[in-house]
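J.: Could you put together the complete structure from these sequences and hints?
Protein chains in written order, with the working numbering: chain A, 1 to 336; chain B, 1 to 178; chain C, 1 to 745.
These aren't lab readings, by the way, just hints derived from the structure by calculation.
There may be inaccurate statements among the hints.
[What the hints assert, rightly or not] Simulated DEER-style distance windows between Cβ atoms:
no.	chain 1	residue 1	chain 2	residue 2	range
1	C	493	B	28	36 to 46 angstroms
2	C	233	A	22	29 to 39 angstroms
3	B	17	A	20	24 to 34 angstroms
4	B	172	C	390	38 to 48 angstroms
5	C	92	A	305	40 to 50 angstroms
6	A	275	B	17	54 to 64 angstroms
7	B	172	A	271	50 to 60 angstroms
8	B	70	A	61	46 to 56 angstroms
9	B	172	C	731	34 to 44 angstroms
10	C	731	A	275	34 to 44 angstroms
11	A	22	B	23	33 to 43 angstroms
12	A	275	B	171	54 to 64 angstroms
13	C	54	A	20	34 to 44 angstroms
14	A	193	B	171	51 to 61 angstroms
C-beta: ideal position from N, C-alpha, C; glycine also.
Spelled out, the chains give:
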Amino acid sequence: MRRFSYSRPTEVSEALAEAGGEDVRFLAGGTNLVDLMKENVERPQHLVDITRLPLDRIEEIQSGLKIGALVLNSDLAHDPKVENRYPLLSLALLNGASPQLRNSATTGGNLLQRTRCYYFYDVATACNKRDPGAGCQAIGGLTRLHAILGASPHCIATHPSDMCVAMAALDAVVHVESATGTRTIPFEDFHRLPGDTPQRDTTLEPGELVTAVELPATRFDRHYTYLKLRDRQSYAFALVSVAAAMRLEDGVMTDVRLALGGVAHKPWRDRDAEALLSGKAPERALFSKAAEAILADAQGQGANDFKIELARRAIVRGLDQAARGTPQSVTDKRIA
Amino acid sequence: MFRHPQTTPKGVETDDAIRVQLSVNGEPLDLDLPPWTSLLDLLRHRLALTGTKKGCDHGQCGACTVLVDGRRINSCLKLAVSLDGAEVTTIEGMAGEGGALHPLQDAFVRHDGFQCGYCTPGQICSAQGLLNEGHAQSREEIKELMSGNICRCGAYPNILDAIEDVLNDRVSEPRMPE
Amino acid sequence: MTNLTRAGFGTPLSRVDGPAKVTGQAQYAAEFQPEDMLHAHVHTARIAKGKITRIDVSRALAVEGVVDVLTHENRPKVAWFDLKYKDMTAPLRGSPFKALYDENVIFSGQPIALVVAETPEIARYASTLLDVDYKWAEFQTDLAQVLDQAFVPRIPRAGYHKPKSRGDGEQAFSDAPVQVSNRYHLSPEHHNPLEMFASTVIWEGDGHVTISDKTQGVKNSHWYICNAMGWDRDKVRILSPFVGGAFGSGLRPQYQLYLAALAAKKLERSVQVVMTRQEMFGHGYRPECYQTVSLGADREGHLKGIVNSAVTATSSIENYMETVVNWGSMVYRCPDAKLDYKIAKVDTATPCDMRAPGGATGMNLFEVAMDELAYACDIDPLELRLRNYTDREAMKDKPYTSKALHDCYERGAAKFGWDRRSHAPRSMRDGHELIGWGMATGIWEAMMAPTSARARLSADGTLEVATATADMGPGTYTMMTQIAADTTGLPVEKITAKLGDSDLPFSPVQGGSMTAASAGTAVQKACDALLEELLEAARRIEDGPLAGVDLDEVGFGDGRIYLIDDTKIGMRFEEILAAAEMDSLEATELAKPGIINMMRKARNTHSAVFVEVRVDEDVGMARVTRVVNAVAAGRIINPKTARSQILGGVVFGIGMALEEETLADHRIGRWMNHNLAEYHVPVNADVPDIDVLFVEEQDDEVNPIGVKGVGEIGVVGTAAAIANALFHATGKRVRELPITIDKLL
Ligand SMILES: Cc1cc2nc3c(=O)[nH]c(=O)nc-3n(C[C@H](O)[C@H](O)[C@H](O)COP(=O)(O)OP(=O)(O)OC[C@H]3O[C@@H](n4cnc5c(N)ncnc54)[C@H](O)[C@@H]3O)c2cc1C
Ligand code: SF4
Ligand code: FES
Ligand code: FES
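T.: Next up, the structure:
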C-alpha cells in the first residue's frame with residue numbers, strides 16, 4: 001500500500017475542501033478501496049475518511065426517500081421503509097457480498113465500487129482502466145466476468161454491484177456536492193460506458209462527493225424480483241442479474257422496469273424493451289421478445305458467450321417472477 | 001510461546017502516526033498508528049491478539065471477522081484509524097468469567113464445528129453478529145447469513161448445528177454417523 | 001472422579017484441542033512472534049518464463065523501516081547441489097525449485113525477491129517499489145497443447161503405483177457389444193487451505209534456530225532446511241502445533257520456509273514470511289488432467305474391456321506423478337484392461353498432492369464413464385456396479401485385507417431411498433426444478449508408514465504421548481489421546497498428546513490418510529510398553545501388593561494396576577513410581593507395517609456415494625440438495641471426528657464438481673483468478689446436510705489397530721456422483737469438471 005496521509009472531517013464542507021486532487025480519495029466502508037490499495041491498484045496520496053460526516057440517515061422527503069451516502073448496505077436492506085416500498089432494493093442488497101461486508105459497505109461506496117476484472121486487479125497485466133493507454137489484456141483472455149453489452153475495444157469490464165441494478169430499475173437520482181455546489185444526476189447517467197476512457201467509471205467529477213441517493217415515491221411492493229445467477233449459491237458476484245418491477249392492473253403490465261447486472265460497464269436498462277412490455281398482458285412469449293430486443297446487439301468475448309443466452313433466460317424468468325408476484329428468495333435457493 | 005506484541009523501532013513511521021482510541025475486549029487503548037494499519041494487523045501484530053485470523057486479507061473469506069460495536073465486520077479491510085472511538089470484540093473477548101466457554105464456543109466444540117480451527121474464531125464472531133442482528137430463524141437463513149465465512153475444511157453442517165443450538169437456547173446431541 | 005472422561009475406541013470424544021481452537025489460543029505458524037522480529041514480503045515474477053535482466057532494489061531500500069531486500073544477486077551462500085533441496089516427498093527425478101537461486105524464471109508468480117522490514121505493512125509497500133526488467137522466453141502453460149509430448153518417466157515417484165494392464169484391453173473393448181468411449185477433463189485446482197503459508201525463523205543466537213512452520217511434517221521441514229542452509233541438525237527445531245488446513249500443500253516445504261531462513265541467515269535476526277493469498281497460487285496444485293475412458297461390456301453390463309489412459313501436468317523441473325488410471329480397474333471385475341498414464345510438462349510450479357491425489361482425479365472421471373455405460377446398457381447405475389463387483393483387487397488380482405463395499409452400496413442406497421429412483425434422465429422434477437439422483441463408487445488407499453511414539457508417565461500420574469506428526473484438522477491430538485486412554489485406561493484429563501515438534505520421535509508427513517493407522521499404532525505400542533515397564537517396576541516393589549505377579553494376573557484401569565481376581569488389590573500408577581523412586585517412566589516404540597504382508601494383500605478404503613441435485617430447467621443453476629456417503633474404512637476410532645473428515649471430503653467433492661477451477665491466461669502463462677473471490681470454494685449455502693454412514697469392517701490385517709483412515713475417501717466418488725446426478729437431472733452429459741452454469745445451459 002502506497003503511503004498516504006489521512007484526515008477525518010466531521011463536516012461535509014471540510015471534506016470537500018480537501019477533495020479534488022487526482023490522488024485524493026474518499027474513504028467510506030473501505031471494502032473496495034482498501035482492497036484495491038493493498039493490490040496497489042488504487043494509490044491515493046491522501047484519504048479523506050468520510051465516515052463521520054452526517055450522511056447516515058434515511059429520510060422521508062416530498063419526492064420519495066433520501067438515502068444518505070453513508071447508510072450501510074445492511075441498514076438499508078433492513079430499513080422498514082425500504083422493505084415495504086422497495087423490497088427490490090432490499091433483495092438486491094442482500095444478494096451482494098456477505099453480511100459482514102454489508103455491515104461496512106456504504107451506499108456511496110457501493111455506487112462507486114470498481115470492476116472485478118481479473119486483469120484490473122493484477123498489476124502484472126495490462127489494463128486501460130488502471131493505466132490508461134496500456135491496453136486491455138482481458139480482450140482475448142479470460143472473460144467470464146466481462147461485458148456482453150456496451151463494451152468498447154478499450155475495455156470490456158462490468159460493473160459488479162447488485163444494489164446499483166435495483167437502483168437503476170427504480171429510477172434513483174444521485175445527489176452530489178462539491179466545493180462549488182450541488183447537483184443531481186439521474187441514475188442512468190451516473191455510471192458510464194467505457195468508450196475510449198475506461199479509467200472513468202462514472203460521470204462524477206474529481207472532488208465531487210456523493211451525499212445521497214434519492215428514490216422516487218413510486219412503490220413497487222407486489223410485482224418485483226431480483227434474480228442473481230452466479231457461480232455459487234452465495235458470496236459471489238453476478239454472472240448475470242435481473243432487477244424487474246412493474247405494476248399489474250387488470251392483467252396488464254404498466255410502468256415496467258428492467259435492469260441487468262453483470263453484463264455491462266454499468267447497470268443496463270433498455271427503455272425500448274420496457275415500452276415493448278408496457279400495456280400488455282404478461283406472457284412468456286412477450287418476455288422472450290423483450291429479451292431478444294435487449295440482447296440484439298449483445299456480443300460475447302469467447303469465454304463469456306454463454307452470458308448472452310444466460311441473460312436471455314434470466315430476463316424471461318425475472319419478468320415472469322415479477323409478474324407472478326413471486327420474487328426470488330435470498331435464502332430459498334430454488335429459483336422461484 | 002513467542003507471542004510478543006510487535007513494536008516498531010523508534011523513529012520508524014512516527015511522523016505518520018495518528019492517535020486512536022479503541023476499546024478492545026473491554027480494555028481502553030490509546031494507540032499511535034500509521035493510517036495504513038488494518039484493524040486485523042493491529043490486532044494480530046501490534047496487540048498480539050492472534051485469535052483473529054487472516055485467511056485472505058481481502059474480504060474474501062471471513063476469517064478476520066470481529067465485532068465492532070456489536071456488529072460483525074471483516075477486520076482486514078478496515079483501517080484501524082477510521083474506527084476511532086469504537087468498541088472491538090475479538091474471539092479473545094468472547095469467553096465468560098474465569099474463562100468459561102461462551103455458549104457458541106461450547107456448541108462449536110460439542111458439534112465439532114471445525115477441523116483445522118483456522119476459520120473458527122471468525123465463524124464464532126460472525127455467529128454472534130448473526131445472533132445480534134436477529135434476522136435468522138431457520139436453518140436455511142443461518143446458512144445464507146453464515147456464507148461470508150469460508151470453511152475450507154467443510155465443517156458447514158456442524159457449524160449450523162452449533163449455531164442452531166445457541167439460537168434456540170438448547171443443547172442438542174451432536175450428529176453421529178450411522 | 002466422576003467428571004473424568006473415559007474414552008476408548010469408538011468413543012465420540014470432542015476434540016481435546018477444541019477449547020484452544022474456539023478461544024483463539026491455538027497458535028498457528030504466523031502467530032509465533034518473537035520480540036524484534038522482522039517481517040518479510042515476497043515479490044513475485046510477472047513473466048511465465050525467462051530471465052531477470054535487471055533488478056533495482058534501491059527505491060525499496062530507501063523506505064524507512066526497510067532492512068534489506070534479498071534477490072538472487074545478494075542472497076547468502078546456500079547449497080547448490082539439487083539433492084540438498086530434496087525434501088522427503090519430492091519427486092525422485094528433477095531439481096526442486098530453489099527460490100532466489102539465479103536469474104531464471106520458470107513460472108509466473110515465482111518468488112524473485114524478499115523485502116525485509118520492521119513491519120509487514122512496510123515490507124509490502126516497499127515490495128511494490130522494486131524495478132525489474134525481464135526477458136521473456138518461449139513458454140507453454142496449456143496442457144492441451146503438449147499432450148503429444150506426454151511421457152512416462154523412467155523413474156517413477158515414490159508411492160506411485162504403476163498401472164498394470166491385463167489381457168488385451170483394446171481388443172476386448174472393440175469386440176464388446178456395448179461400448180462407451182469418451183475423453184474427460186479436470187481443471188487445475190489449488191488447495192487453498194484457509195491459513196496461508198507462513199514461517200517464523202526465531203534467531204536464538206549461538207547457532208540455535210527455532211522455526212514455526214506451516215507444514216504437514218516437521219521432520220520433513222527440519223531435514224530440508226538443515227540441508228539447504230547447511231545448518232546443524234541438533235541446533236534447529238521446527239514447531240508446528242497447529243496447521244490451518246493444508247490438504248497436501250504442506251507435504252513439501254513451501255518457499256516461505258526457505259525464504260525466511262535465508263533472510264534470517266543473512267541478517268542473523270528473527271524473520272517471518274507470510275504468503276499472500278495470491279502467492280498461495282504460486283506453488284503446488286492439483287494438476288489438470290485429460291483422461292480417456294473406453295468401457296466395453298456385454299448387454300447385461302458386464303465389463304469386458306477397459307482402456308483407460310490419462311495425462312496430467314507436471315512442471316518443467318520435476319516429474320510429478322499421481323496414481324490416476326488404476327482405480328476403476330482395481331474395483332471392477334473385468335478380464336481385459338489396458339492402462340496407460342503419462343505426464344506432460346507445462347511452465348507452472350510443480351503440482352503437489354491434493355486431497356486424494358490421483359484418486360480424486362482418476363476415479364471421479366472413471367465413475368462418470370461408468371454412469372455412461374449404465375445408460376448405454378440401460379441398467380440402473382447401482383445395479384451396474386453390483387454386476388461388476390469383485391471381492392478381489394482386480395488389477396493385481398490380490399485378495400483384500402477387507403472390502404465391505406457391498407455393504408456400502410446396500411446401506412447407502414437404503415438410506416438414500418435409491419429404489420425410488422426413476423432411471424430415465426429428466427424424469428424426475430418438482431415444478432421448474434429438474435431433480436437428479438446420481439451415485440458413484442469411491443476407493444482410496446489404506447496405508448501405514450513407520451512411526452515412532454513416546455509415552456511418558458509422570459510422578460503425578462499424568463501421561464504424555466508424543467510423536468512428530470501434524471494435526472492439520474483430522475483430529476490427531478484427539479486420536480492420540482483416545483488411543484492412549486484406550487490402552488492405559490487413564491481418563492482423558494490425565495493425558496496430553498504432543499505433536500508438531502521436530503524434537504519428538506519420528507513421524508512421517510501427515511498425508512495419505514495414514515496418520516491414524518501409523519501414529520495410532522505407535523502410540524498404542526508405546527503405551528503398551530510403558531505399562532509393561534510399569535508392571536515390572538510394581539513387581540519389584542518388595543512387600544507391594546503386586547510383588548511378583550504375572551502379566552496375565554493383572555488388569556489396567558482408572559490409573560491403577562490391579563489383580564484380576566481381587567480388583568481391590570492394586571497400586572495407582574503414581575504410587576508405583578513413588579515406591580520405585582522414579583520421577584517418571586518412559587517408553588518409545590517404533591511401529592511399522594509388515595512389508596511382506598503388505599505385498600500379499602491389497603488394502604483399501606471404499607465408499608458408495610449417493611447424491612441428489614436440483615437444477616433449474618431454464619437458467620441452469622444447480623445445487624446439491626442431499627448426500628449420503630457410506631464408507632468402509634475399517635475401525636473408526638472416533639465417530640465424531642471421522643464423520644467430520646467425510647463431511648470435509650464431500651465438500652471438497654462439491655467444489656470439484658461444481659466450482660473449483662484455477663483459470664490460466666495461457667497467452668501470458670499466468671493464473672488469473674488468484675483469490676478467494678474468483679476461485680470459488682463452497683460456502684455454507686452450497687452445502688446440504690450430509691449423511692455419513694460407516695459400515696462395519698473388521699480388519700485385523702490392515703494394521704495392528706484395524707484403522708484404514710478417512711481423510712481422503714470422502715472426495716473420491718463424490719464429484720462423480722454429482723456429475724452423474726446432473727446428467728440424470730438434465731439429460732446433458734458434461735465431461736469436464738467443474739460443471740459450471742455455462743455448461744448446463
Ligand atoms: C469479497 C467481496 C465480495 C463482494 N461481493 C459483492 C457482491 O456480490 N455484490 C455487490 O454489489 N458488491 C459486492 N462487493 C462489493 C461491496 O459491495 C463494495 O466493496 C462496497 O459496496 C463498497 O462500499 P464501501 O463503503 O466499502 O466503499 P469504499 O471502499 O470506502 O469506497 C469505494 C470507492 O467509492 C468512493 N466513495 C465512497 N463513498 C463515496 C462518496 N460518498 N462520494 C464519492 N466517492 C465515494 C471511494 O473513494 C472509493 O473509490 C464485494 C466485495 C468484496 C470484498
Ligand atoms: S476489461 Fe477493462 S478493466 Fe479489464 S483489463 Fe480491460 S481495460 Fe482493464
Ligand atoms: S482475512 Fe479478512 S476476509 Fe479473509
Ligand atoms: S476448520 Fe479449517 S477452515 Fe474451517
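J.: Falls inside 54 to 64 angstroms, the C-beta gap from residue 275 of chain A to residue 17 of chain B?
T.: Holds - the Cβ-Cβ distance for residue 275 of chain A and residue 17 of chain B, about 59 angstroms, lies within 54 to 64 angstroms.
J.: Is it true that residue 275 of chain A and residue 171 of chain B lie within 54 to 64 angstroms of each other by Cβ?
T.: Since the Cβ atoms of residue 275 of chain A and residue 171 of chain B sit about 60 angstroms apart, the hinted range of 54 to 64 angstroms holds.
J.: Given a hint of 36 to 46 angstroms, does the C-beta separation of residue 493 of chain C and residue 28 of chain B actually sit inside it?
T.: 38 angstroms, holds
J.: Is 50 to 60 angstroms respected by the C-beta to C-beta distance linking residue 172 of chain B and residue 271 of chain A?
T.: Holds, at about 54 angstroms.
J.: So does residue 22 of chain A sit 33 to 43 angstroms from residue 23 of chain B, Cβ to Cβ?
T.: 37 angstroms, holds
J.: Is the distance from the Cβ of residue 172 of chain B to the Cβ of residue 390 of chain C consistent with 38 to 48 angstroms?
T.: 42 angstroms, holds
J.: Hint says 24 to 34 angstroms; check whether the CB-CB distance for residue 17 of chain B and residue 20 of chain A agrees.
T.: Holds - the Cβ-Cβ distance for residue 17 of chain B and residue 20 of chain A, about 26 angstroms, lies within 24 to 34 angstroms.
J.: With 40 to 50 angstroms as the target window, see if residue 92 of chain C and residue 305 of chain A comply at their CB atoms.
T.: Because 44 angstroms falls inside the window, the suggested range holds.
J.: Holds or violated: the 34 to 44 angstroms window for the beta-carbon distance between residue 172 of chain B and residue 731 of chain C?
T.: Taking Cβ atoms as reference, residue 172 of chain B and residue 731 of chain C lie about 41 angstroms apart, which means the hint holds.
J.: Please check whether residue 54 of chain C and residue 20 of chain A have a Cβ separation lying inside 34 to 44 angstroms.
T.: 38 angstroms, holds
J.: Do residue 70 of chain B and residue 61 of chain A keep their Cβ atoms within the hinted range of 46 to 56 angstroms?
T.: 30 angstroms, violated
J.: Could you check the hint for me, namely that residue 731 of chain C and residue 275 of chain A are 34 to 44 angstroms apart, CB to CB?
T.: 38 angstroms, holds
Consistency with the previously given hints fails for numbers 2 and 8, ordered from lowest to highest.
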